[in-house]
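Novice: Sequence:
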Amino acid sequence: MDLLAKVESAQKEIEEITVKQLQLEKIKQSELKEMEMKLRAKDDSIVRVKELLEHYAAKQKLMETAKNVLAELESVIASLSSAYMRKLENTPVLDSALLKLGIMKTLDSPVSNYEILVQELMKELSTMRDVEITTYAGELLAARVRLEQMKIAEGKRVAALGRALEQLDESKLNLKKAIDAGVSLSSAINTYQVQISKRQAELEGAHETEQIACATLASLQDELCSIRAKVLSAQAGEVKAIESRRKLPADINKMALSADEAKATSKMARELASKARLEMEQAKAGLSTALSRIQAAEKEAEAARASEAMALAGLKALSGSEGEDGKVSISIPFEEYSALYDAGHEAVKVSDKKVGVTLIELKEAAANEAEGQDKLSIALKELEELQKALEAAQKKADDSQAAKLSIESELRKWRADHDHWRKTGSNPSSVNTSATQSPRFLNGKTSHTKAFSHSFQGKTVAGIDPSLAEFLTLKVPISEQVLPHSFHGKPATGLSPSLDLSAIKVPSLEKEAGPTSRLDVVKTSKPKKLSLFARVVSMMVRKKKKPVN
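Oh and the sequence shown: position 223 is 215 in the working numbering, straight run, nothing missing.
Since the hints were derived computationally from the structure, they do not count as laboratory data. All values derive from a computational prediction rather than experimental measurement. Ideal placement from N, C-alpha and C gives every residue a C-beta, glycine not left out. Treat the hints with caution; some may be incorrect.
[Stated by the list, open to error] DSS-like cross-link-like pairs, simulated, lysine-lysine; straight-line CA separation at most 27 Å:
hint, residue 1, residue 2
1, K346, K239
2, K367, K246
3, K18, K190
4, K405, K222
5, K373, K267
6, K276, K387
7, K291, K246
8, K267, K367
9, K373, K396
10, K4, K190
11, K291, K345
12, K12, K169
13, K18, K222
14, K164, K148
[Unchecked claim] Cβ pair distances, simulated, as ranges:
hint, residue 1, residue 2, range
15, A221, A408, 22 to 32 Å
16, T126, S71, 31 to 41 Å
17, E328, E356, 40 to 50 Å
18, I352, R297, 19 to 29 Å
19, L165, K18, 48 to 58 Å
20, G348, E327, 25 to 35 Å
21, E7, G197, 53 to 63 Å
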């Protein structure tokens, strides 16, 4: 489970690294786009600065031209003033004065005009210079500020580009690390998969061993239950034996009464059989006499019919001869004829009645014979059932006696082992545990009896009366007249003249002896140590509960 969790966490980390890598690539592309935009803006700002510098150079050229024009004007003014002074020097005083006055008069207006124009030009030039100077100074300051701002922005951009490059380098390193981690994770995943397959194989083997252990535990539990059931049945048998010992006189009386009843029933059956045989013989004799009577009656009827036919034939002959010859004929009166006719009919009726009576007697004899046969068959069936019940009771008594003796021997062996363990102080777990390794068979025999001594450690059985075995094997003689030797020539096999009381099974005691009746025989005490079977089961349960890494 921990390995699977680690693999899942590694897969999640790989997915997160891939997501981060995609995000870094997106950030890288966005930063590259921003840098391209900034470079483009920088190029635009450089072009703008160049344009401003060109404009400034053009303005400086204009200022130089204006300065040259002013210098030329000043030179013109100086030449004019020098020419005027020369003229004043060449003329005479009066003429000069006049000329000066005239010239002054003539030149006042142009000079004043020139002065005004010059002053105006100077003012305009000064104002233009001031304005241009202020404008150029403001533009220069603004350009310097812009240049500084652009330099700062460019430095920031360069720093951002450096950071972006550093981040790109870091992202490359992270990508390399992630790739290396992915390779290591893939190798780790492969190793983990190999380990998982190994662990799965180990878990399958452990599961198989656990199933085998569970199967062995279930078989041991089944054997323990069967042993407990056998012990309970043995205890119930002991309780039954004790109760049967208590009820021995009453049982003996009952058996004597039952023997007398069986003797009486056998005598009655024999008498009934003899009576049925006599009745059958009488019925056969009556049947033979009836048949002889029937034959005699039939013969008498035939003779009567023949005599009647002869009489009729004689009468016919007499009447015919009398009619033909007209001689003397013998005639019988009608009363005599009717008397003869009635006598013949009565003889026929009597013979028929005799035949019916004989048939009824035959039917009664057959019914009596069938009843006798039924009674004989019922008596034979009862005798066979009694014989089978006696044989089954004898077998059960032998089995219970053998189980009881084996349990007593096992209890004695367990007591001896327990006393030996208690005296020596050795651990019972050191004993050979072959019973737990092969719970089904031990030396070709089942391990019920050996597991019994281990499963009932810490329990003491009350002392058994030594006369109980003698009582169970007590034999009571029974008269041979109760059990007939033969019926219809068949000998009665499987029956002995003496009856074993250990074969007697009282069904009422089986119902009364429940799980609570064992308290009368077995007295439990607190065990000092766990039994070997309990130790083995606890070890198997601990191994089952122990988690597999």
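Novice: Look at each hint and say if it fits the structure.
Specialist: Hint check:
1. Taken as a hint, the K346 and K239 pair is broken in the structure, with Cα atoms around 65 Å apart against an allowance of 27 Å.
2. For the hint linking K367 to K246, the alpha-carbon distance of about 26 Å falls within 27 Å, and the restraint holds.
3. Proposed proximity of K18 and K190 is contradicted: the alpha carbons are some 43 Å apart, above 27 Å.
4. Between K405 and K222, the direct Cα distance comes to roughly 18 Å. Compliance with the 27 Å bound is thereby established for this hinted pair.
5. For the proposed pair K373 and K267, the alpha carbon gap of about 19 Å is at most 27 Å, so the pair holds.
6. Proximity of K276 to K387 is assessed by CA-CA distance (about 47 Å); at most 27 Å being required, the pair is judged violated.
7. With a C-alpha separation of about 64 Å, the suggested pairing of K291 with K246 is violated against the 27 Å cut-off.
8. Pair hint K267 plus K367 holds up; C-alpha atoms about 11 Å apart against a cutoff of 27 Å.
9. About 34 Å separates the Cα atoms of K373 and K396, which puts this hinted pair outside 27 Å; it is violated.
10. Taken as a hint, the K4 and K190 pair is honoured in the structure, with Cα atoms around 24 Å apart against an allowance of 27 Å.
11. Restraint check for K291 and K345: the C-alpha separation of about 15 Å stays at or below 27 Å, so the hint holds.
12. Annotation: proposed proximity of K12 to K169 holds, straight-line Cα distance about 13 Å (limit 27 Å).
13. Between K18 and K222 the alpha-carbon distance is near 83 Å, which puts this suggested pair outside the 27 Å criterion.
14. Under the criterion of a C-alpha separation no larger than 27 Å, the hint pairing K164 with K148 is consistent with the structure, at around 23 Å.
15. Judged by the Cβ atoms, the range 22 to 32 Å given for A221 and A408 holds: they are separated by roughly 25 Å.
16. The given range of 31 to 41 Å is respected by T126 and S71, whose C-beta atoms sit roughly 33 Å from each other.
17. A hinted range of 40 to 50 Å holds for the C-beta pair E328 and E356, which are about 42 Å apart.
18. Taken as a hint, the range 19 to 29 Å holds for the pair I352 and R297, whose Cβ atoms sit roughly 25 Å apart.
19. The beta-carbon spacing between L165 and K18, approximately 18 Å, falls outside the hinted interval of 48 to 58 Å.
20. Checked against the hint of 25 to 35 Å, the C-beta distance between G348 and E327 comes to roughly 31 Å, which is consistent with it.
21. Between E7 and G197 the CB atoms are about 35 Å apart, so this pair departs from the stated range of 53 to 63 Å.
Figure legend: structure checked against the earlier numbered hints; hints not met, in rising order: 1, 3, 6, 7, 9, 13, 19, 21.
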